[in-house]
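Take any residue in the first sequence, count from 1 to its spot, add 3: that is its number in our numbering.
Simulated from the structure, these hints should not be mistaken for laboratory data.
Don't be surprised by glycine CBs; every beta carbon is placed ideally from N, CA and C.
Keep in mind that a hint or two might mislead.
[What the hints assert, rightly or not] Taking lysine to aspartate or glutamate and the DMTMM-like style, the derived pairs with C-alpha atoms no more than 20 angstroms apart in a straight line are:
| id | residue 1 | residue 2 |
| --- | --- | --- |
| 1 | K351 | D371 |
| 2 | K249 | E269 |
| 3 | K368 | D400 |
| 4 | K496 | E269 |
| 5 | K109 | E18 |
| 6 | K78 | D172 |
| 7 | K28 | E139 |
| 8 | K78 | D61 |
| 9 | K351 | E367 |
| 10 | K174 | D157 |
| 11 | K174 | E139 |
| 12 | K357 | E446 |
| 13 | K50 | E102 |
| 14 | K184 | E173 |
| 15 | K441 | E260 |
| 16 | K368 | D326 |
| 17 | K316 | D482 |
| 18 | K151 | D172 |
[To be verified] Restraint ranges, calculated between C-beta atoms of paired labels, are given here:
| id | residue 1 | residue 2 | range |
| --- | --- | --- | --- |
| 19 | H146 | L456 | 52 to 58 angstroms |
| 20 | A195 | D454 | 29 to 35 angstroms |
| 21 | T295 | R255 | 18 to 24 angstroms |
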Amino acid sequence: MENLPQSLRGEQERERLNKMDAVRKLGVDPYGRKFSRSDNTASAKDKFSYLSTGEESDSQVSLAGRILAVRSHGKTAFLTISDVYGNIQLYFRKDVLGEDSFAVLKLLDIGDIIGVSGKMFRTRTGELTVFASAFELLSKSLHPMPEKWHGLKDVELKYRRRYVDLIADEKSRATFIARSKIVSSIRNLLDARGFYEMETPCMSSLAGGAAARPFITHHNSLDMDMYLRIATELHLKRCLVGGLEKVYEIGRLFRNEGIDTRHNPEFTTIEIYEAYSDYEGMMKLAEDIFKTTAAAAGCDQTIMYQGREISLKTPFERISMNDALMRLAGYSINDLRNPEIASQAAEKFGIPYKKGEPCGHLIEKVFDAAVEPHLVNPTFITDYPVEISPLAKKRVDDPTLTYRFELFICNMEFANAFSEINDPLDQRERFEAQAALKASGDEEAHVLDEDFLCALEYGMPPAGGMGIGIDRLVMLLTDSPSIRDVILFPTLKLR
RNA sequence: GGGUCGUUAGCUCAGUUGGCAGAGCACCUGACUUUUAAUCAGGGUGUCACAGGUUCGAAUCCUGUACGACCUACCA
Numbered sequence: 004m005e006n007l008p009q010s011l012r013g014e015q016e017r018e019r020l021n022k023m024d025a026v027r028k029l030g031v032d033p034y035g036r037k038f039s040r041s042d043n044t045a046s047a048k049d050k051f052s053y054l055s056t057g058e059e060s061d062s063q064v065s066l067a068g069r070i071l072a073v074r075s076h077g078k079t080a081f082l083t084i085s086d087v088y089g090n091i092q093l094y095f096r097k098d099v100l101g102e103d104s105f106a107v108l109k110l111l112d113i114g115d116i117i118g119v120s121g122k123m124f125r126t127r128t129g130e131l132t133v134f135a136s137a138f139e140l141l142s143k144s145l146h147p148m149p150e151k152w153h154g155l156k157d158v159e160l161k162y163r164r165r166y167v168d169l170i171a172d173e174k175s176r177a178t179f180i181a182r183s184k185i186v187s188s189i190r191n192l193l194d195a196r197g198f199y200e201m202e203t204p205c206m207s208s209l210a211g212g213a214a215a216r217p218f219i220t221h222h223n224s225l226d227m228d229m230y231l232r233i234a235t236e237l238h239l240k241r242c243l244v245g246g247l248e249k250v251y252e253i254g255r256l257f258r259n260e261g262i263d264t265r266h267n268p269e270f271t272t273i274e275i276y277e278a279y280s281d282y283e284g285m286m287k288l289a290e291d292i293f294k295t296t297a298a299a300a301g302c303d304q305t306i307m308y309q310g311r312e313i314s315l316k317t318p319f320e321r322i323s324m325n326d327a328l329m330r331l332a333g334y335s336i337n338d339l340r341n342p343e344i345a346s347q348a349a350e351k352f353g354i355p356y357k358k359g360e361p362c363g364h365l366i367e368k369v370f371d372a373a374v375e376p377h378l379v380n381p382t383f384i385t386d387y388p389v390e391i392s393p394l395a396k397k398r399v400d401d402p403t404l405t406y407r408f409e410l411f412i413c414n415m416e417f418a419n420a421f422s423e424i425n426d427p428l429d430q431r432e433r434f435e436a437q438a439a440l441k442a443s444g445d446e447e448a449h450v451l452d453e454d455f456l457c458a459l460e461y462g463m464p465p466a467g468g469m470g471i472g473i474d475r476l477v478m479l480l481t482d483s484p485s486i487r488d489v490i491l492f493p494t495l496k497l498r
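Using the sequences and the hints, build the whole thing.
See below:
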């Protein structure tokens, strides 16, 4: 007892350790082995729903789960156990179990995991219940559970001990199950359309494909610094060069930037590339993905997100960035390229801007300030300026714009897509323009990836490509206010 | 980075003007053979986040620190 780990020195922990010892003395291993279940809590209740009050089933069931509640009555006891499907009540009697087994029962705690077998019956209050003929202790829990009605409210504890949150909060459990269903529904959709799932490097000597600061790490035996990827884009396009035609990757990206309710340093995206398609094709695919994932998450076409009603009815609204800016900011993209008007607009919207600076970021910021707050229902913003779209093909009718869109819902960006540049010389010029920005102090400008250009030089089919933030999609479809509510183990400071 | 707020029992939370640290659940002891927020009779189990300061006296006031939340900035 004296050399107990710090984590088990609490009063209730010691009580549980004492009970564990007592169970061992009765010849029972408190950490059991394989237990064959005939049913789960939901299937058992479903299968025997026909039982009338007082009636008992002919056949036996065996179930396992975590003890949620104990109502002990001397020589009998009611326990409620839960599994991932729900809860069920168990009924134990000393005269059925026998002296020894009943003694073990008395040593169980809320939180312990047990397996039980017996016949189903319906109590006089109408509840379908397992009349236990035998049970096994499968795992002794050494910590007290959160309060049974309020659960775990402390958000820091919910994030740091997600396992406890999942035990205690059905809603949290439902969110992560929905996440799983959302992701697999996307896979199913794309696989059915002949896409191939790729796995490209998380670590490489260049972090390209997006504008973001990377995490840096070091490979010892190669004695080489490496970056964690900030996008999967450039590798997936190499797959297009290779002739794989329709590819996607669902995976983790890493960006060394701020943390808030919409950003976690590691987050999940899907990027999709389809040869011979274009950004219009990606719009259609985006609509299909939203429709499919909403259904997978059990949502209707109209959903509530944080008290706001969102219609996922397709087709989603489309508006060009220029029209949106004209309408809501009072400036056109070309206006904002004029240094005089740019400074004026910067002042109007409180955006820091030095006259003569490249105006690409300013255009984005005016958009963020004037337009984004109005984008509640799904809206494709199209035709982004070329200077902030270094991987998107130029429009033939106006080479200062690109075939690109972003999808906004509830003031959040959900997707970014374009007709991909497949002209290697054009792509090189764009990278060089980014390099110039980087030289002038823009830390997050894209890096030039010579091998990627080499790939384009071999010939990439024209293609549409799209990235979707999976975490935000799950937030939207589970009505979660923070990205940390949809990431199982969000990044936190060391405590 | 800046601002606001929070941190009290295992959990959820009260704590008045600066005057003995509180409740519910959980837990412990006992009773109880159909309960279900079981009930009944008892029991408070605490580094009031941490470190200083003011004061006769600090959970409470002040300063700093840590962690977290929200807002803001940054960030496709």
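Going through the hints against the structure:
{"no.": "1", "hint": "K351 x D371", "in the structure": "holds (13 angstroms)"}
{"no.": "2", "hint": "K249 x E269", "in the structure": "violated (26 angstroms)"}
{"no.": "3", "hint": "K368 x D400", "in the structure": "violated (25 angstroms)"}
{"no.": "4", "hint": "K496 x E269", "in the structure": "holds (14 angstroms)"}
{"no.": "5", "hint": "K109 x E18", "in the structure": "holds (13 angstroms)"}
{"no.": "6", "hint": "K78 x D172", "in the structure": "violated (32 angstroms)"}
{"no.": "7", "hint": "K28 x E139", "in the structure": "holds (15 angstroms)"}
{"no.": "8", "hint": "K78 x D61", "in the structure": "violated (25 angstroms)"}
{"no.": "9", "hint": "K351 x E367", "in the structure": "holds (15 angstroms)"}
{"no.": "10", "hint": "K174 x D157", "in the structure": "holds (15 angstroms)"}
{"no.": "11", "hint": "K174 x E139", "in the structure": "violated (29 angstroms)"}
{"no.": "12", "hint": "K357 x E446", "in the structure": "holds (17 angstroms)"}
{"no.": "13", "hint": "K50 x E102", "in the structure": "violated (31 angstroms)"}
{"no.": "14", "hint": "K184 x E173", "in the structure": "holds (16 angstroms)"}
{"no.": "15", "hint": "K441 x E260", "in the structure": "holds (17 angstroms)"}
{"no.": "16", "hint": "K368 x D326", "in the structure": "holds (16 angstroms)"}
{"no.": "17", "hint": "K316 x D482", "in the structure": "holds (18 angstroms)"}
{"no.": "18", "hint": "K151 x D172", "in the structure": "holds (10 angstroms)"}
{"no.": "19", "hint": "H146 x L456: 52 to 58 angstroms", "in the structure": "holds (56 angstroms)"}
{"no.": "20", "hint": "A195 x D454: 29 to 35 angstroms", "in the structure": "holds (33 angstroms)"}
{"no.": "21", "hint": "T295 x R255: 18 to 24 angstroms", "in the structure": "holds (22 angstroms)"}
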